[in-house]
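S.K.: On the provided structure of chain A, position chain B as indicated by the hints.
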Amino acid sequence: DQQVKQNSPSLSVQEGRISILNCDYTNSMFDYFLWYKKYPAEGPTFLISISSIKDKNEDGRFTVFLNKSAKHLSLHIVPSQPGDSAVYFCAASVDSSYKLIFGSGTRLLVRP
Amino acid sequence: ETGVTQTPRHLVMGMTNKKSLKCEQHLGHNAMYWYKQSAKKPLELMFVYNFKEQTENNSVPSRFSPECPNSSHLFLHLHTLQPEDSALYLCASSQELAGVFRYNEQFFGPGTRLTVL
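Sequences listed follow chains A and B, in order.
Using the numbering used here, the letters of the first sequence map in sequence onto residues 1 to 112.
Using the numbering used here, the letters of the second sequence map in sequence onto residues 1001 to 1117.
In short, the hints are calculated from the structure, not lab data.
A hint or two may mislead.
Said to hold, decoys possible - Distance windows between CB atoms, simulated: (1) E1053(B) with P82(A): 40 to 50 Å; (2) N1057(B) with T26(A): 23 to 33 Å; (3) T1080(B) with H76(A): 38 to 48 Å; (4) E58(A) with T1080(B): 41 to 51 Å; (5) P40(A) with E1084(B): 19 to 29 Å; (6) P40(A) with T1007(B): 33 to 43 Å; (7) H76(A) with R1113(B): 26 to 36 Å; (8) I53(A) with G1014(B): 50 to 60 Å; (9) I18(A) with T1080(B): 42 to 52 Å.
As the list claims (entries may be wrong) - Calculated pairs, EDC-like style, for lysine to aspartate or glutamate (alpha carbon to alpha carbon, straight line, at most 20 Å): (10) K1019(B) with E1067(B); (11) K54(A) with E1105(B); (12) K1052(B) with E1024(B); (13) K1041(B) with D55(A); (14) K56(A) with D24(A); (15) K1022(B) with E1053(B); (16) K71(A) with E42(A); (17) K1041(B) with E42(A); (18) K71(A) with D1(A); (19) K68(A) with D55(A); (20) K56(A) with D31(A); (21) K1041(B) with D1(A); (22) K71(A) with D95(A); (23) K99(A) with E1105(B); (24) K5(A) with D24(A); (25) K99(A) with E1084(B); (26) K1040(B) with D1(A); (27) K54(A) with D1(A); (28) K1019(B) with D1085(B); (29) K68(A) with D84(A); (30) K5(A) with E1044(B); (31) K54(A) with D31(A); (32) K68(A) with D95(A); (33) K1040(B) with E1024(B); (34) K1052(B) with E1096(B); (35) K68(A) with D24(A); (36) K1018(B) with E1084(B); (37) K71(A) with D55(A); (38) K5(A) with D31(A); (39) K99(A) with E1053(B); (40) K1040(B) with D24(A).
Using N, Cα and C, we set each Cβ at its ideal position, and we do this for glycine too.
The shape of chain A in the complex, shown without the other chains:
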């Protein structure tokens, strides 16, 4: 059974609007969470992370929110740009380990 779930396989958003990508997890021992972005024919690249001691981390247009009680995290992209069109993976680890557990990804399409 998947410990990290991205229930929306795809999302389409108008340029300039907010994109919200969601991720749910089941393992309460997870204490470090990451988002990776993947373009076609390229490997995933790290985007942003958050430790379980925080509930928000912001980096430019990207903000990750963590709700530990709901075992839920989300990635907000504001404003969305066509270049943000990619597959976004959520990942988590226990004790900030190198051993990442990934979700299956959400494909984001930002329409011009």
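M.R.: Chain B alone, transformed into the frame defined by chain A:
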């Protein structure tokens, strides 16, 4: 070359073939990883090498055999694979401190798309 490179980018092989996937990192890192991504499934960690020593074998069948001759190169030797082994195989590297193997940003290669007939 920069970053993490993988060759070949695409590979088609029969179930009786023996082939190898190659990964090279040009980042001066000392930890390297093999991941597998099957269609519509999450990335799964297969093997981890830290300072050339294997530190993780995530219950991977023996038909997959990793080799890490130095901290810049990682191979995945394949033999008698099954069609269900068809997937994208991704290599990654990270910089780890000796004796403290925690998460540090992993840099991924573009992957090898493997098809087993």
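S.K.: So, for every hint listed, does it hold in this structure?
M.R.: Going through the hints against the structure:
1. E1053(B) with P82(A): 40 to 50 Å: Given about 44 Å between the Cβ atoms, the range holds.
2. N1057(B) with T26(A): 23 to 33 Å: Between N1057(B) and T26(A), where Cβ atoms are some 24 Å apart, the hint holds.
3. T1080(B) with H76(A): 38 to 48 Å: Given a distance of about 47 Å, which is inside 38 to 48 Å, the answer is holds.
4. E58(A) with T1080(B): 41 to 51 Å: holds (49 Å)
5. P40(A) with E1084(B): 19 to 29 Å: holds (24 Å)
6. P40(A) with T1007(B): 33 to 43 Å: violated (18 Å)
7. H76(A) with R1113(B): 26 to 36 Å: holds (32 Å)
8. I53(A) with G1014(B): 50 to 60 Å: holds (51 Å)
9. I18(A) with T1080(B): 42 to 52 Å: With Cβ atoms ~49 Å apart, the hint holds.
10. K1019(B) with E1067(B): holds (13 Å)
11. K54(A) with E1105(B): Roughly 19 Å separates the two Cα atoms, so the pair holds.
12. K1052(B) with E1024(B): holds (13 Å)
13. K1041(B) with D55(A): Measuring from Cα to Cα gives roughly 28 Å; hence the hint is violated.
14. K56(A) with D24(A): holds (16 Å)
15. K1022(B) with E1053(B): The hint holds at about 17 Å.
16. K71(A) with E42(A): The given pair, whose Cα atoms are some 30 Å apart, is violated under the 20 Å limit.
17. K1041(B) with E42(A): Roughly 17 Å between the alpha carbons, so the hint for K1041(B) and E42(A) holds.
18. K71(A) with D1(A): Roughly 16 Å between the alpha carbons, so the hint for K71(A) and D1(A) holds.
19. K68(A) with D55(A): Within the cut-off at roughly 8 Å; holds.
20. K56(A) with D31(A): OK: K56(A) and D31(A) at ~14 Å, within 20 Å.
21. K1041(B) with D1(A): Roughly 12 Å between the alpha carbons, so the hint for K1041(B) and D1(A) holds.
22. K71(A) with D95(A): Status holds; Cα separation ~16 Å.
23. K99(A) with E1105(B): holds (12 Å)
24. K5(A) with D24(A): holds (5 Å)
25. K99(A) with E1084(B): violated (24 Å)
26. K1040(B) with D1(A): holds (14 Å)
27. K54(A) with D1(A): violated (27 Å)
28. K1019(B) with D1085(B): holds (13 Å)
29. K68(A) with D84(A): violated (27 Å)
30. K5(A) with E1044(B): holds (14 Å)
31. K54(A) with D31(A): holds (10 Å)
32. K68(A) with D95(A): Holds - the C-alpha atoms of D95(A) and K68(A) are around 15 Å apart, at most 20 Å.
33. K1040(B) with E1024(B): violated (27 Å)
34. K1052(B) with E1096(B): holds (12 Å)
35. K68(A) with D24(A): holds (10 Å)
36. K1018(B) with E1084(B): holds (16 Å)
37. K71(A) with D55(A): Within the cut-off at roughly 11 Å; holds.
38. K5(A) with D31(A): holds (16 Å)
39. K99(A) with E1053(B): holds (16 Å)
40. K1040(B) with D24(A): holds (17 Å)
Checked against the numbered hints given earlier, the structure breaks hints 6, 13, 16, 25, 27, 29, 33 and satisfies all the rest.
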